[in-house]
Every structure is written in structure tokens, then in C-alpha cells.
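K.L.:
First to last, the protein sequences are chains X and F. For the first sequence, this note's numbering begins at 659 and goes up steadily by one. For the second sequence, this note's numbering begins at 659 and goes up steadily by one.
Keep in mind that a hint or two might mislead.
Since copy identity is lost for identical chains, a pair holds within one copy or between any two.
Unchecked claim - Cut-off 30 Å, straight-line C-alpha distance, at most; resulting in silico cross-link-like pairs (BS3-like, lysine-lysine):
no.	residue 1	residue 2
1	1156	1227
2	1154	1041
3	1165	1227
4	1041	1156
5	1154	689
6	729	1154
7	804	926
8	1239	1227
9	990	1156
10	990	1165
11	1227	689
12	1165	689
In short, the hints are calculated from the structure, not lab data. Remember, predicted model here, so these are calculated numbers, not experimental data.
Number of protein chains: 2
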Amino acid sequence: MPSQLIDPTDLAFQLFDVADADRLTSLPRFKGQDRETYTAILDAARILAAEKFRNHYRLGDRNEPHLVDGKVVLPREIADGVRAFHEAGFASAHADEAFGGLQLPWTVVQAAFAHFQAANIATVAYPFLTIAAANLIDAHGAPDQKERYLPALFAGRFFGTMALSETQAGSSLSDIRTQAAPLEGNLYSIRGEKMWTSGGEHEMAENIVHMVLARTPGAPNGVKGLSLFIVPRYRMNEDGGVGASNDVVLAGLNHKMGYRGTVNTFLKFGESDGCIGELVGEPNRGLSYMFHMMNEARIGVGMGAGMLAYTGYMESLSYAQERRQGRPPGSKNPGSMQVSLLAHADIRRMLVLQKAIAEGCLSLALICARWVDDRRWADDEVKRARANLLLEIVTPVLKAWFSDAALRANEAAIQILGGYGYTRDFPVEQIYRDNRLNPIHEGTNGIQAIDLLGRKVSMQAGAAFTALLEEIETVCRQAGTGFPDQADALLQAAGKLKSVTSAHLGKAGGAGIDWALAPAQAYMDAMGGLVLAWIWLRQALAAERHPDPAFRTAKIETCRYVFTWELPKALLALDQIGGLKQERFPYPSADIFGGAPP
Amino acid sequence: MPSQLIDPTDLAFQLFDVADADRLTSLPRFKGQDRETYTAILDAARILAAEKFRNHYRLGDRNEPHLVDGKVVLPREIADGVRAFHEAGFASAHADEAFGGLQLPWTVVQAAFAHFQAANIATVAYPFLTIAAANLIDAHGAPDQKERYLPALFAGRFFGTMALSETQAGSSLSDIRTQAAPLEGNLYSIRGEKMWTSGGEHEMAENIVHMVLARTPGAPNGVKGLSLFIVPRYRMNEDGGVGASNDVVLAGLNHKMGYRGTVNTFLKFGESDGCIGELVGEPNRGLSYMFHMMNEARIGVGMGAGMLAYTGYMESLSYAQERRQGRPPGSKNPGSMQVSLLAHADIRRMLVLQKAIAEGCLSLALICARWVDDRRWADDEVKRARANLLLEIVTPVLKAWFSDAALRANEAAIQILGGYGYTRDFPVEQIYRDNRLNPIHEGTNGIQAIDLLGRKVSMQAGAAFTALLEEIETVCRQAGTGFPDQADALLQAAGKLKSVTSAHLGKAGGAGIDWALAPAQAYMDAMGGLVLAWIWLRQALAAERHPDPAFRTAKIETCRYVFTWELPKALLALDQIGGLKQERFPYPSADIFGGAPP
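Chain X with its partners taken away, still in its complex shape:
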């Protein structure tokens, strides 16, 4: 068993040396904070995650949520972990002091969350959903809504959920049917069914605050007719206390491949016409409010996937260090002692692949978190706008490319353990099963790829794309002396990305938008590989100043691996996109699959 689920030295390196969190302390929002504060937060998170989250990682998987007398039963350890998380102040660490928060940078909070995600991705989903609901109300709610809900959510007395999907509206939120009929003021009668709501019902909190997308009468079709409502499980009394049932009924539990500690529900709202919701903000703007939350959730998904890659890496590394098996091709004397798995080149290939993905993902996720801070708190408008652009274009890459890559990493972890990796005596198979959700939820990876190629690349006349290219070029310039080969390769790759993107989109006029977006996944492969190379060159640069020579060498060697074995795959994807002919659709038509119904 590894002594750590993620390497604390690496986490500190990513936070301070790569994402440059120290600099945030000069901003008014973070006044009086310093590196010592931040380090203490990380330490506290690491200890709490090990004691109160990792302790029931397997237990939560084996004791799936189930109903007893109509109530959801979960292992007690889940509630204990969540309570400890709230009591330690992690849920409100980023929040305004006015709401009891510490006003810590999101970057620091995310770094702390890495420990919890690595320890128990299923249990941490509860406070994460609660934080997301709180952030949503904080950003778009009325003052009385904030007062009523924020302190209870931050304290963990109330839990939050996101109730978007319906059985007929998964990827297509445009087709949400839940209705909201006006009652008085901002109160509405809610009626409809929501599918896939995580944390939708349990007995761990005084109340559950569902953030529900629904349609008011006469609202436009599609996503432009969706409004956002706060729908508590129990109605709120005037005094802020919890009252009677609000007619939100559990209609079923979903039984999943993994992520089992997170109860996932099918809910019916207002079947007895007794469900009241409070409108948040203005009508018909629900989805844009939700997107505020969803974009941060997508960063969380990418980061969570990366932390599962990370802990899978640490597990398989620890196994490889301890396990002796076979002998390298060059020394086959069967009378000799068996060698460490580390002595086998193919084992090291699977380890460095995992290291590249896990540490690369952590690095990128913290840089994204840094942009979240910059977007809101940076001291000039240009910086804020630029951070926003970078987030827009990098978020789908972090969410999709890295969650796919993280699965590849987890597969390698299982493979390193061999037959043992396939048993439930070791955690790597569960890590894979938990991680398999990440390419699906918060917008499938296919949707992310279309978002990237179809919207983000060309948004604001290509401003986000240009900002990312500039970031890449900056790192290449800085790396020109220390890593000339890599700097040169990445610059060339960025140039190719630019020219292929422009040529491809140039054909869209003639070939049509469906043709142009068909190779979105290949485009994601290209962009993801480039971003991976960029983040690793950035790490290699930062590592040059690291005091520990072994740490430095490991970063630089992994960077070299990425440039030798991974970046070329991105270039191939660009070649493939560049080679597509307008007169032929990139993938076979529906006919070869029996045809689509009209």
C-alpha cells in the first residue's frame, strides 16, 4: 500500500511553483494570507482525507445505497466524513467572510480538494454538490435566498443537488419538460421528473436543496425557456427552520458500475401538487446560471478523474516497488533472484504514462483554478477577461481529454498488478470503476469535443484560441534555453494546430457544419495532446528551480516521455483532420448501421 495517495511534494510544487499561488496574496481579496496558511490547509486536508474519507473507500463500494422502510441507507462513515469536512471549514473555505468563509483562493481550495478526491471520490461528491449549490445561490440568488440557504449549506446542515437531467433529456437539456407554474412572488409549483440526481435523497442532512431546471408557462422552446429554482426537500418555515415535506418523492435508485457511495436518484417533484420552488434570478435564464456552476463542475470532474489516475498511479507504483517477478530479457538466469517489477521496461512505460497523466492533470486543474481566481479577483479587467477566455477553451479539454486519459492510466494500474489488479483485494479495479463515470457526467466527452471545436475555438473571433496559443508560445520561449528540442517541437505543433484549425473550419462553409464537427473527437485528441505537452514543459521549467534533484529529474524525464510518445499522437490527429475531404463524410453514414428512424 502506498504511504500517500498523492505526493504532497508534488502538490506543493503544482500549487506554488506552477500555479504560482503565492502571487494571489497580493490581491485585496486574499489580504493577510500567506504560503504558510496555504500549506497548513493542505496538511489538514491530507490528514482528514486519509482518516475520514479513505477509511471507507471500499466500504462505500460494497455497501451500495439501498432502501429500508422507504429510506435511503448509507454507511455511517459517509456521513461522518462529510460532517468532518464541513466542521473543518472546507465547504466554505473559499466563501466570503460575511458567510463564515475564509476567503481562500479557489486555487488553494482545489489543491486541498485533491486529497479528498484521491481518497474517496464518491463521498466527496456530497460536499462538492453542496458547495456548487451554494455557489450558484451566491452568484445568482436574491439576498433573502442567500441568507436562508448559504449558512446552512456551508455548515453542512443542508446538502445540495443539481437536478437537470430527465429520462428523455440527458445530453439534450433543451428537451427538459419539468413545469413551474407561478404561485405568488417568486414561488412556483413544480411538477416533473428528474433523473440521475446525485445525492437526491438520504438522511444525512436536515434538508436537501435541489437546484432544479424547469419551464414556466409560455416559455420558449429549448434551453432559452429554462428557469432555475431552489426546491428544498422540506419546506422552509418563516423562522428558517425546516418544515413539512415539499412533495419531492424518491422514485428509484440507480445502481452503478462504481461511484457507489454517491446515492443516485430518480426523483418526482409535485406528484401531489405540493412541491414549491423559489425562482432564482430571472425567468428563462436558468441554463446560463447553471453553466456558471457547470463550468466549475467540469473542472472538478477533470481534476477528480486526474486524482483517480494519481492514486491508481501511487498504488501501482507501490506494488511495482515491492513485487518481484521475472527477469529482464538480458539476464534470464532462472537461478537468480526475481527482480523488482520496476526493472521491466514495460512496467516503467505504464508507470510513466500514469505519472504523465496524473501529475499533468493536477497541474492543469490547478492552473484552471488559478484562472477561476484571476477571472474574479484579478486587479485589472484585461487579466480577468483573459483568464475567462483561457477557461472557456481549456475547460472542455480538462474535462474530456483528461478523463479519457485518466481511464487509460487506471487500466495501466490494473495491468501492472496483473491478476491481483483484477481482484477486489486491491483498490485499482474500484478506482477504474469509479473513474468510468467521469467521461459521462457533466456533459459527455462527445459533447465537450463538439463544444471545443464548434464553439470555443471560434468564440469572440478566435480570442480564446489565440490566448491559449499565446500561453503555449510563452512557455516555449521560456524553455528555449533549457529544453530547446521540446520548445521547438511544441512551437511547431502549435503552428500546425493553428493552420489545421483554420483550414478545417474554412471548409465548413462548403461542406456544412455537420461535416465540420464530425471529427470533433479527433480534434480533442489533438488539443489534449498539445495541452499535455504544454503543461509538462511548464512543469519541467518550474522543476529546474526545485531543490530536490531527484524530483527535478523525474519531472524532466516525464516531460521527455510526453514529447517522445504522446505529443506525436496529437500531430497525427491533426494530420488526419487535415486530410479529410469535403466530399466525403468523416465517418460512415447511418445506413451501414441499419439506418436511423426518420
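Put chain F on the given structure of chain X with help from the hints.
P.N.:
Only chain F this time, still in chain X's reference frame:
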């Protein structure tokens, strides 16, 4: 739910039009057989697989083997399925008429087995292991051993197992420690522990025949000191009946990620000095005997992985046909009806990827089976030797590259179903979990890659490699008219494979064998991609003569997909291998992972 788990039209096409099974009927061994016989066998298999194997696919997963009063308990449906399989004569279909067999070609039997593998890979493991044990005794046992065991194994009264691995000897069979002390004649006292023995204990058969690798006193170190023993669970009486316990004790059950219907055991042999084994063949030749079986088992693993890819494909295709969700980029009117998933290009990408892998794997596996027949029954020595060479080099590719690819296919199946694919209400998550074993057992994929690059490519002065290149060139020549672009691309790729292989191995002298074999996985990626392209060009050629134009088009379009999107990955891997520098090891040293113990 799909109406079929694999497409019977495709199976018939693969068997008759691609693997050319009709031709076998001209050989003396298969005299009097004809296409109608073979077709009837496939139909019988399809029906039996649906009724007696698929019926408990999920049940077997949910009711994992467990102990009650020291006895292994399995769902009754597993025993029923296995019994029906034996009663229908599938276990002995390939065997000599002298042993009650039908003397069917292995090619036809494998085609029939495709239905069982697709239906329930865990249950079919029992008869497959029994058949493998029988084949091993048939090939290397003494006449009295054949008489004693074969009829009982073929009839399913006895089940068989392969007991090779030990806790300290998984990939490294060289380190097997189980001891065999001579008693009298060919009887030995067996003492040791075996890990990962599938079907190692249960109550479904009168007896369980373990095929055990062990060392006799004074045997050489390593694999050259391993002998093969028949070790029954219960001793055999003189009259052929089953007698007292043979001191084979169940020490534990392994709890796996998937493949749960196959009980997997930790066994102790001779703890009370009461375990007697019968030597098979000569001492110290055990591993070479086992390899006979293992090579066929590896074809079975590749084929099984492919059939899981196939049924995952059929499941996700059926879902995609029925499920409506969203609208293509070019027609976003939210008032319109949602479209079939098939209308989305990225869904079709994931479908054609699965089709390419599933049908490609089936095709290749049946061609390998055909080579198994040719190797034994072809009417001249040259043909037999050539079939053997082709098997030697293609088997690791089928086992490893295709089992990895099959997992990619299953991941796509889950992704197409979205959230539903992540639930246990649909079979795709179980299919993935079952399939995850295939890259691990029967020699990990890392071992296969080293076998390919380190042994198979250069065996007999490159004769196997040359034979494969000739097969590829033959197909390219035949395809020159109908598919000139693909024929040309594949010819070029084959040329590149040849030159890169030779250049790379040429560097081994200077750089060392460990350096040369380090990129074995990249070499497997290259070879696998080429073989996939070859098998698809071969299918496209055969499909041109197919009576159903829709079937024809689907094959040709899938072939095109493979050449556009998959073959280039093989070329990239070759470029990467070609670009390796002798002075730098292809992957980082153990130092960056904390170093290997001495």
C-alpha cells in the same frame, strides 16, 4: 435489447467467405462433411447460447461463487448451461470419432463457440478449460490416460483446469515451486500451492482434473525443469470410477472485478502428503506441452475478447437505434423532435470503431482457427509448416492487441449509452468488467508484446514474419483493382514494418537486448494496426461477392474507416520506434520511481 448478440450473417460470412471453411471438407479428416452440416452446428450453438448461457449472464455476475459449509456454491444455471453444452456434443465436436467426437474442423467449432463467448464468457470457461485439458491429454498423454480421462472430460462428467501460476510465479512460470516426488511408475506425490486456478473447485462434476506444472527432484532451474501432471480432485479407482479425496484443498476464492461466474481459486496440493499426480509424457517437458494448449488458449482469449466487443457493439447499436437524443449541429430547432442517436456523427464514430474491432477480431480468430486446422490436417507438409509459422506470429497479436482494442470498444459501448451505460440495468458495464481480464490472463499483454518482438519476429531466421508479410502482400495484390488506395496504403505500411523491424533489431547488438525489447508495446501497436487493416481489406474483398448489398457496403465502409483512422496509428508507432536513439533508453529509468531494490 439487440435481437442477436453477434450477427449470424456476419458469422457465416467470416466462416465461409473469409476463412473459407468449405475447402476443409476436401481433406480426409473432414470427409463427408459439408456446408449444411456446419450451418446446422452454428444454428444449434446460437440457440443453445441464447437459452442456456445468456439467460444467466447477469445472474452469474450478481451471485459470485461463495462457500457454504466449505463447499463452493454457484448458481444452478451455470451447471445447467455446461451440461447442455456437453450433451449437445460441443465439447467433443472437434475430437476423433474414436472418442465420440464429430471430427469437425476447429474452425467450425470456434465459429460455434463465438455464440457462447458472446452469451456468457464466464460460464463457457468451464467447458473450455475441460476441452483444453482433454486436448492436452490427447496430444501428450499415454493411451491409458486418454482412455481414463478423455471420455469423461468430453462428456462433461469430469471438468478440467490449468494449474500453472503460483503466488510468486505469475508471469514468471520459471519460478514455479510445486514439487513432484516419484512414487512408482508414472505416479508422483505432489506438494505445493497454485494460484488463479479457474474452475479449481465446485460441485458440478464427478471429478476435476487439474493439469499441474511441478518440479521433479533434481530438475533444472527455470522452465526447463517443469513437468506436467494430471492431478484429479478425487483419486481414480481401478474400474475408472471416482474414489477418495486426492488431498487437493481449496485454500481461498479470488474475488474479481468481473468474470465472476468462473470460480477462481487458490489451491493447496498435498498438504497432508496425500496428493498423487500422473506424469504426462516425459519429465521436464511440461511447459512445452502446456504451450501447445496455451497457444490455442491465447487464440481463445483474443476471440473471447472480440466476442465481448461484438456483443457490446450489438447492445450499443440497438440502443443507438432506439434512443432519441438531441439534434445534429446543423438542425438545432428545439421545437423539432429529437433525433436518433445514429444521426450523431460521434455516435457513429464509436459504433464503427466497435464494428471494426469486433468483426475484425472474429475474422482474425477464425483465420487463426483455420491455421490450427491446416497445421494439423493440411495435405502437404509445406502448408502445415506455413500455417504453424503464421500462428506463431499472429497469436500474440490476436491475444494482446485485440484484447486491448476490445476494451476500447467496450468503453465506447458504455459511452454510447451514457448514464444508462454506467448502470447495471444494461449489460455493457459488465461486459467491460468481464473483458478486463483478457489483457491479463494467458500471458499478460506485456508478455505477448515481448514474445512478438523478441521471439516471433526473428524465429526461424524471420520465416514467420516473412510468411505474414506474404499474406499481407497477397491480399494487397488481390485488392489492387477494387480497392487500389487501400491496397497501396497497406503495401507501403508493410514495407515500412519490414524496414523498421530490421533497422530496430539491427541496433540491438549495440544497444542491448533490454533496449531493443523496451518498445515492445509500441511494436505491438504497429503490428496490430497492420493486421487489423489486412483483415479488413480481406473482408472487403470477400464482401464484394456477398449477395446483400447493404452488408457489402457496411463492410467496405468499415474497411475505409480502418484505413483512414486506425492504420495511421500503426505507422506512427513505427515512426516512433524508428526514431529511438541507441544512446537513450526508450523509457525512463527506475530511478525516477524511487529506484528498484537490488
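K.L.:
For each hint, tell me whether it holds in the structure or not.
P.N.:
Going through the hints against the structure:
1. Proximity of residue 1156 to residue 1227 under the C-alpha cut-off of 30 Å is found in both arrangements, the shortest distances being 16 Å within a copy and 22 Å between copies.
2. With identical chains, the CA atoms of residue 1154 and residue 1041 are at most 30 Å apart within one copy only, with a shortest distance of 27 Å there and 50 Å across copies.
3. In the homo-oligomer, the alpha carbons of residue 1165 and residue 1227 lie at most 30 Å apart both inside one protomer (23 Å) and across protomers (25 Å), since each shortest distance falls under that limit.
4. Taking identical chains as interchangeable, the C-alpha atoms of residue 1041 and residue 1156 lie at most 30 Å apart only when both belong to the same chain, with a minimum of 23 Å there against 54 Å between chains.
5. Proximity of residue 1154 and residue 689 under a CA criterion of 30 Å is satisfied in neither setting, with 43 Å inside one chain copy and 62 Å between copies.
6. Within a single copy, residue 729 and residue 1154 get their C-alpha atoms no closer than 57 Å, and across copies no closer than 64 Å, so neither meets the 30 Å cut-off.
7. Only within a single protomer do residue 804 and residue 926 lie at most 30 Å apart by alpha-carbon distance; the minimum there is 26 Å, versus 65 Å between protomers.
8. When the C-alpha separation of residue 1239 and residue 1227 is checked against a cutoff of 30 Å, the pair qualifies both within a copy, at 21 Å, and between copies, at 19 Å.
9. Taking CA atoms no more than 30 Å apart as the test, residue 990 paired with residue 1156 passes between copies only; the shortest distance there is 28 Å, against 50 Å inside one copy.
10. For the identical chains of this complex, residue 990 and residue 1165 are inter-copy neighbours only, at 20 Å across copies versus 57 Å inside a copy, given an alpha-carbon limit of 30 Å.
11. Taking the shortest alpha-carbon separations for residue 1227 and residue 689, neither the intra-copy value of 44 Å nor the inter-copy value of 52 Å comes in at or below 30 Å.
12. In the homo-oligomer, the alpha carbons of residue 1165 and residue 689 never lie at most 30 Å apart, since the shortest distance is 51 Å inside one protomer and 60 Å across protomers.
Violation of the numbered hints given earlier is confined to hints 5, 6, 11 and 12; the remaining hints are satisfied by the structure.
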